[in-house]
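Protein chains: 2
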Amino acid sequence: MGDTPAVILLSGGLDSATALAVARHEGFRTYALSFRYGQRHEVELAAARRVADAIGVERHVIADIDLRVFGGSALTGDLAVPHHDRPEDLGNQIPDTYVPARNTIFLSFALAWAETLGAEDIFIGVNAMDYSGYPDCRPEYIAAYEQMANLATKAGVLGNQHLRIHAPLIALSKAAIIELGRSLGVDYSLTHSCYDPEPSGAACGTCDSCLFRRRGFAELGLDDPAAAAPG
Amino acid sequence: MGDTPAVILLSGGLDSATALAVARHEGFRTYALSFRYGQRHEVELAAARRVADAIGVERHVIADIDLRVFGGSALTGDLAVPHHDRPEDLGNQIPDTYVPARNTIFLSFALAWAETLGAEDIFIGVNAMDYSGYPDCRPEYIAAYEQMANLATKAGVLGNQHLRIHAPLIALSKAAIIELGRSLGVDYSLTHSCYDPEPSGAACGTCDSCLFRRRGFAELGLDDPAAAAPG
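So the sequence lines, in the order shown, correspond to chains A and B. If you want my numbering, it's the position in the first sequence, counting the first as 1, plus 3. If you want my numbering, it's the position in the second sequence, counting the first as 1, plus 3.
Hints in this document: simulated from the structure, not taken from any laboratory. Glycine is no exception: its CB is placed at the ideal position from the N, C-alpha and C atoms. A couple of the hints might just be wrong.
Among chain A residues calculated to face chain B with C-beta under 8 Å, some are [as the list claims (entries may be wrong)]:
1. ASP69
2. PHE112
3. GLU182
4. LEU183
Between beta-carbon pairs, the in silico distance windows are [said to hold, decoys possible]:
5. ALA49/B to ASP56/A: 51 to 57 Å
6. ARG62/A to GLY208/B: 36 to 42 Å
7. GLU143/A to GLY121/B: 39 to 45 Å
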C-alpha cells in the first residue's frame, strides 16, 4: 500500500467492495469503516469483514450507532422490505428501504476518522445509475457534502488540507461496476447486497438490491457468484 | 406548543438550553436530541434531561454513538482537558477539546430524525463569538450544512420541503446569550457546561467552557447560578 491514508465506507455489498478495490488500486493506505446501525441482520457485517480481509486494509472499524431510535425505514425494521418478481418491476419512487440521512451520517463518521488520521480522502460506493432513487446517492449531494466537510474541520480553518469525497462509481451502471471490480480482482462471491436475507444468510433474490445486482451480472452474461454461496 | 415540529440539539449546556428556549418561544413543537458519545462523564446528560423537563419538549431522545473508536479529543478521554487560571488565558488555537466532526455528526442525526418526523427545522446552539475556535461553529459551516441537507433528503428530491438549520446564538456574545435566555425564563442553574467536572459533578471552573461561561455572567454583573449548585 502507499503512504497516503484514505477512509472507505464498507458495507460488504458489491458497490463498496469495488470502491475499496479502486482506493487500493489508486495507491491509498485504506481504513475501512462499517456500521452496526440496527439493521435487521448482521450478514452484511460478516461480508464486510471478508471483503476487508480479501482486498486488504490497514484497519477495519465497525462503529456502533443506533438509527432505530428514529424509525422510518425498512432497513431498520420499521417497515416491510418490498419484493418484486422481475427487474422490470423496479419503480421510480423512493422506496421504504431508504434510511433517512444514512449516507450523511456514515460520511460524518468517516470525516471524523479522516480528521483523526490526518487523511484527506474519503471513498463512498454510491452510484446514481442503477440505484433506488435515494437522494443521498446523487452527484450534487456528494459535491455539497465535500464543500461542507471542508468548512467543518480543522483543515477548513487552517487551510492546509483539502478533503475530497471520492465516489468513483457514481456514473457507472451496475454492469460497469462489476466489470471494473473484476478488472481489479474483486471476488464478488464474498459480497452481500440483499436487503432481506433468508435465516441461512442467503440472498432473497427479489428485493431491489438483489434485482439490480442480478441484472448487472446478467448484462455481462455472468452468473452472480454470491447467489449460490452461503451468506 | 405550536404544531410545527423542530429538532433541537440539546447538550445540557448553557447555549443549547437557550436555543431550546428560543425554539419554544418561536412556537415550535420541540423534539430534543442528546448523545451518549463516549464523553468522560454523564453529568451533561443529566443536565440535558433537567433542561428538557423544565423548558418543555414533546420528546427527548438520547442516541448512543461511539466516537471513542476514532480517538483524537480531550472530550472523549484521549487527551487531557486544558485548564487555565484566568479567562485572559483563553487562546486562539483550536484546543484539544475539539471533537473531530462532532457537530457534523450531531446535525446528521438531527437530520435523520427531522426527516422521519417531517420536520423542516433544526436548532443548534453554536456560537462564533465567545467560543473556542471550533471550525464547526462558524456561520459559513452552518450555511454549507443547510445546503447539503437539502440535497441529502427526500425533500431535496421531491421539492416540497426546505430544511433550515437555525443557529440563533451564532452572532451573540456569551453575555448576550445569557441575557436572551433570562428574558425567556431559562433557569441556568439546571445547565452544565464544564468539560472536566469533579467526581461530585461540580464544574471545575478552569476549563475553556467554564471560563467563557464565568466571563459571560460577570459581564452582566451576575453570579453563575450553576457554579455553586450540584451537577
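Structure-based check of all given hints:
1. Checking ASP69/A against chain B: minimum C-beta separation of about 5 Å stays under 8 Å; hint holds.
2. Residue-level restraint check for PHE112/A holds (minimum Cβ-Cβ distance to chain B is 6 Å; threshold 8 Å).
3. For GLU182/A, the shortest C-beta to C-beta distance to chain B is roughly 29 Å, which exceeds 8 Å, and the interface hint is violated.
4. Annotation: interface hint on LEU183/A violated; nearest CB of chain B at approximately 26 Å, more than 8 Å.
5. The hinted range of 51 to 57 Å is not satisfied by ALA49/B and ASP56/A, whose Cβ atoms lie roughly 42 Å apart.
6. In this structure, ARG62/A and GLY208/B meet the distance hint of 36 to 42 Å, their C-beta atoms being roughly 39 Å apart.
7. Range check, GLU143/A to GLY121/B: Cβ separation about 23 Å, and the 39 to 45 Å hint is violated.
When each numbered hint is compared with the structure, violations occur for hints 3, 4, 5 and 7.
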